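Student: Now for the letters of each chain:
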Amino acid sequence: MTVAGQNPSFVLKKVHEVSFEERPIPKLSGPRDVRIEIKQTGICGSDVHYYTHGAIGSFIVKSPMVLGHESAGVVAEAGSAVTSLKVGDRVALEPGIPCRYCDHCKAGFYNLCADMKFAATPPYDGTLCRYYVLPEDFCVKLPDTVSLEEGALIEPLSVAVHVSKLAKITPGSSAIVFGAGPVGLLCCAVAKAFGATTITAVDLVQARLDLAKEVAATHTFIPTRGDSAAESAAKIKELLGGKAPQFAIDASGAAASVNTAIHVLAQGGIYVQAGMGASEITFPITEFTIKELHAHGSFRYGPGDYQLAVELVASGRVDVKKLITHRVKFEDAEEAFKLVVKGQGVKILIGGPIV
Amino acid sequence: MAQDNFSCVLYGAGKVRFEDRPVPEISDPHDILIRISYVGVCGSDVHFWMHGGVIRMVSEEEPLVMGHEASGVVHTVGPAVTRVKPGDRVAIEPGFPCRRCKQCKEGRYNICPKMKFAADPPHTHGTLSRLFKIPDDFAYRISDSLSLQEAVLVEPLSVAVHGVRLAELRPGQTVLVQGCGTIGLLAAATAKAYGARSVFIADINKAKLDFAKGYLGCATFVPDLTSTPEQDAVRLKREMDLEDGVDVVLECTGIEASAQTGIYALSAGGVFVQIGLGKPLQALPLLAMCEKETVVKTAFRYAPGDYEIALELLDSGKVSVKPLISSTVPFESAAEAWERTRKGEGIKNLIQGVQD
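Those protein sequence lines, which keep their order, are chains A and B.
Quick note: the first sequence uses my numbering, first residue 1, plus one each step.
Quick note: the second sequence uses my numbering, first residue 1, plus one each step.
Derived from the structure by calculation, the hints contain no laboratory data.
Be aware that a few hints might be false.
Unchecked claim - Calculated cross-link-like contacts (lysine to any residue; reagent style SDA-like; alpha-carbon spacing at most 20 Å): (1) B:Lys114 - A:Ala107; (2) B:Lys102 - A:Pro135; (3) A:Lys62 - A:His16.
What the hints assert, rightly or not - Selected chain A positions facing chain B (in silico; Cβ < 10 Å): (4) Cys105; (5) Pro135; (6) Arg300; (7) Gly304.
Every value quoted in this text rests on a predicted model; they were computed, and no experiment measured them.
Virtual Cβ for every residue (Gly too), placed ideally from N, Cα, C.
The shape of chain A in the complex, shown without the other chains:
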């Protein structure tokens, strides 16, 4: 079954209301752009959050918006000044276009650009459509050995790469990741690729921890409900033979995880906040201070992250295929969202429209 039109798009009209619409085929904005035919798109907690809440923080869906941002596809058109790609090349899309002129962009932090145009963050349309236009330097060519399905995982993998680089994970170290959803799992995988030899995954769901062990975790832990953060931390340290980890990543957004992470970290350790949950929480600031911990916020991905993510997959150091649990056709996209809302699956891929 095919969907009608030249650029069918999956649109969020308002909370819980989605539809397929024909949108104009996007044009190249300049000679260094490429137009990509989308083949695979993964969906993320943020896509689902817009579906269920219509907003994330100050980003509010005010008019119908195409969803999706974790995509891979095939170059359908290349601008006249494009040198790194040609029509037919398979690429992973880095779906945020920064301004390139502001202080953040020029200082190496384009992910913090105030004028960032990010796919499926209002008011910019996403990639759950047939065609998407990006500058060539925001597409990474996939080697022949990397599939388009794996290409769709490059986006969340790049988040994990960005987090792990901020954490400065070093070979031979011990890292702990709270939350074993896709980002947490990929953080475990990247920590391993960066040389960590003890990787502890923490979650409330055993099935997720089983997958974490398959992916990269050497240890897993389920906190006991009712235990304080300090108590959980003590149990984790015991599990690790009394050795506190040097690196902690929170990929859950849960206050309990954040607190446990601070309590479990070794002195001088590094903490990176990847997960987004409540906007304000109670934080163990004294523990943080007396152990001289370093805390880092993390937002999306920056220079070099996508390239490294593709390299990790191409070299076999990270296997993203393990995270793909469901595949749906483009016309069944809403099913994918409903599955995620129900808490099922890990990474669900939506195929590109077949026209």
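Dock chain B against the given chain A, drawing on the hints supplied.
Tutor: Coordinates of chain B only, in the frame set by chain A:
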């Protein structure tokens, strides 16, 4: 295309002509045109005047408008410009990176392989024109208290700031600056502003050293060209009462013997920053460096944030560039300014922009 852009053009070593050139057109929405007020003379300009270029050369077939240290007044702005408006007095950052490559996106646009730097042969023309086009984010509005002549010095001051930032200079450290040219003087002033406990400055030219002493108020050192660099370093440590040596060396001469002396003068774990450009291939005392775990950094022009810091140092009064301005010549006497600099007359000689 209007041909009313009077310019100073180099056709070869010693061959300068003043002629009209096409007025630049706003092609990118971020472009602005600046009416140039003043242009400074740098050692590289002198090299072009003497030799026609450094690596790439100018020629009769491919002449080049000179100049890269400049200030001016905004003349016209493209449709996407919000940072500046016509009439604004600005300092100019004269290198335009591609913004798309790995280096640019990593925050190191100064080493962009596609960098278009003013007065770089064969085709990137310089600032010695009536009007000069730049992207708006490379124009920096200057405060009312800074003159357009002083604004020319923001460029070399940014070179100095870049070198000092690479050194990761921390308050309380000791610094040796080698060279009392514009860059050395400004590097020493910047090092002081960054909280160095002591700054020592060295030059073989006593007159320059005397100026430095007055300008900076710091201790001076005269290298002895009959000594070896190792011997000179020992003498420096003795004269400056430094048991272990200095924490940071900012090399601003480009001379091999100076670099060697600086390295020998460093304490264990010290940082050496090569700012000055000289002979392409130079020998360094690697064994001594390894034994001390010397950190070596190389500096090239200026990177994100350097111009902003330079302007702030000037606005806050932590650094003053006025004493470095030695002369100003009319536009068509540009060659006179180059000659003065070549002969070592003055520190910073300025060329006035085209007058109406």
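Student: Now tell me if each hint is right for this structure.
Tutor: Checked hints:
| no. | hint | in the structure |
| --- | --- | --- |
| 1 | B:Lys114 - A:Ala107 | holds, 17 Å |
| 2 | B:Lys102 - A:Pro135 | holds, 14 Å |
| 3 | A:Lys62 - A:His16 | holds, 14 Å |
| 4 | Cys105 | holds, 8 Å |
| 5 | Pro135 | holds, 7 Å |
| 6 | Arg300 | violated, 14 Å |
| 7 | Gly304 | holds, 7 Å |
Checked against the numbered hints above, the structure breaks only hint 6 and satisfies the rest.
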